[in-house]
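**Q** Sequence:
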Amino acid sequence: MRYVLVTKRYYTNRDLIADRFGRLHHLPAHLSRHGHDGLVLALDYRRGADAIAAGDTAPMVRSLPVRRLGPLGTWRTLCHAVRAHTPDVVIASGDTPLGAAGRRLARLTGAAFAFDVYDDYRTFASARLPGMKRLFRRTLAAADLAIFASEAFAAEMRTASSLRRWAVVPNGYDPAVFHPQPRAACRAAFGLPESGVLIGYFGSLGWERGTDVLVAAAERLAGEIPGLALVLAGHPASAVPGGGRVPLHFLGSVDQQAVAQLIAACDLVSIPYRQTAYTQATQACKIAEYLACRVPVAATRVGQATTALADIPQALCRPDDADDLARVLKAQIAAPVLAPVPTELAWETLAGRLEAELGGVLASRRS
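In terms of this note's numbering, the sequence shown opens at residue 1 and continues consecutively.
Hints are computed from structural coordinates only; laboratory data are not their basis.
Wrong hints could be hidden among the right ones.
Derived Cβ-Cβ restraints for the label pairs, each shown as a range [unchecked claim]:
1. 108 / 193: 52 to 60 angstroms
2. 130 / 196: 51 to 59 angstroms
3. 176 / 250: 21 to 29 angstroms
4. 338 / 364: 39 to 47 angstroms
5. 367 / 257: 44 to 52 angstroms
6. 137 / 307: 22 to 30 angstroms
Cβ coordinates follow ideal geometry from the N, Cα and C atoms, glycine included.
With the sequences and hints as input, model every part of the structure.
**A** As structure tokens, then:
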């Protein structure tokens with residue numbers, strides 16, 4: 001199978017080329033390891049230059065500097081690159097405009113079109129443009145394969161839209177990075193306290209993520225648990241909630257290797273998301289990463305965490321409720337309970353699922 005992935009270079013505050021992060025890196029990388037001939041065209045909306053990156057097994061990744069090329073130049077470059085690669089399928093991922101571009105590129109080349117909706121693109125900044133939500137629905141309906149990262153969002157879209165074919169390919173984890181590590185060594189690597197109870201949260205910060213609720217819950221436990229402290233890493237720094245009674249160690253934005261070490265440094269990690277349309281639709285990598293590191297989790301009943309922790313309901317609490325989160329944190333510190341490692345969420349396994357779905361689309365087009 002020959003495929004082209006049209007996406008953006010920077011997403012979730014990561015650089016696709018430098019950081020090799022998330023589904024936009026791992027899924028095409030594993031497809032290429034399975035013998036498929038891929039090309040990734042990553043639009044760079046910052047002030048970048050042309051860049052090409054390729055490893056021994058990863059597909060070629062070409063970064064297109066949109067500001068320098070301009071809209072017309074970017075489109076011409078996309079058309080030329082896609083035609084030269086002669087793909088069987090064009091996959092678009094990142095937002096609604098990229099989805100619409102992928103659809104047109106597939107039509108120009110006679111390729112199948114797959115739209116990877118890893119998030120609710122209707123909540124993105126581009127959705128504020130006139131007609132963009134309608135364009136999202138039309139692009140989704142036109143896709144030969146609609147790919148979702150969340151079961152909940154897939155169910156919503158199946159009800160709201162007429163889909164030709166759909167599949168759920170969640171966000172996953174890299175077992176080579178996320179696995180158990182010695183706690184003491186990981187604490188020492190970041191200058192964290194040698195003793196005491198550390199509760200961690202690693203990822204995007206802000207109101208929807210509920211990090212302020214996590215701080216409030218920890219404050220409620222300050223008098224009961226000696227040496228209690230919080231460890232946070234993520235973006236933006238301006239969204240780090242203030243506290244007082246509980247020490248808060250903020251590490252900023254760190255790479256994946258560091259995230260894995262920080263998880264291992266903690267006694268407990270949390271996913272304190274509030275219940276919103278966005279958090280219900282999203283499927284964060286962190287739940288799989290947390291479980292793969294074999295560290296106890298305390299999470300709100302929001303989105304995928306509800307399913308991932310279904311076997312240990314004592315690890316779940318009501319969203320936007322600091323008292324209930326404090327209850328679960330205390331219970332998981334006193335008598336930790338672990339959910340099974342979600343081996344089905346390893347990136348290689350997920351790429352196999354995507355491979356099968358794309359193969360089904362191509363087979364149906366040939367018949």
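**Q** Now tell me if each hint is right for this structure.
**A** Hints versus structure:
Distance hint for residue 108 and residue 193: a CB-CB separation of about 58 angstroms, consistent with the stated range 52 to 60 angstroms. Judged by the Cβ atoms, the range 51 to 59 angstroms given for residue 130 and residue 196 holds: they are separated by roughly 53 angstroms. The hint said 21 to 29 angstroms for the Cβ distance between residue 176 and residue 250, and at roughly 27 angstroms that hint holds. Range check, residue 338 to residue 364: Cβ separation about 42 angstroms, and the 39 to 47 angstroms hint holds.
Between residue 367 and residue 257 the beta carbon distance is about 45 angstroms. The supplied range of 44 to 52 angstroms therefore holds. Between residue 137 and residue 307 the CB atoms are about 26 angstroms apart, so this pair conforms to the stated range of 22 to 30 angstroms.
Figure legend: structure checked against the earlier numbered hints; every hint is met.
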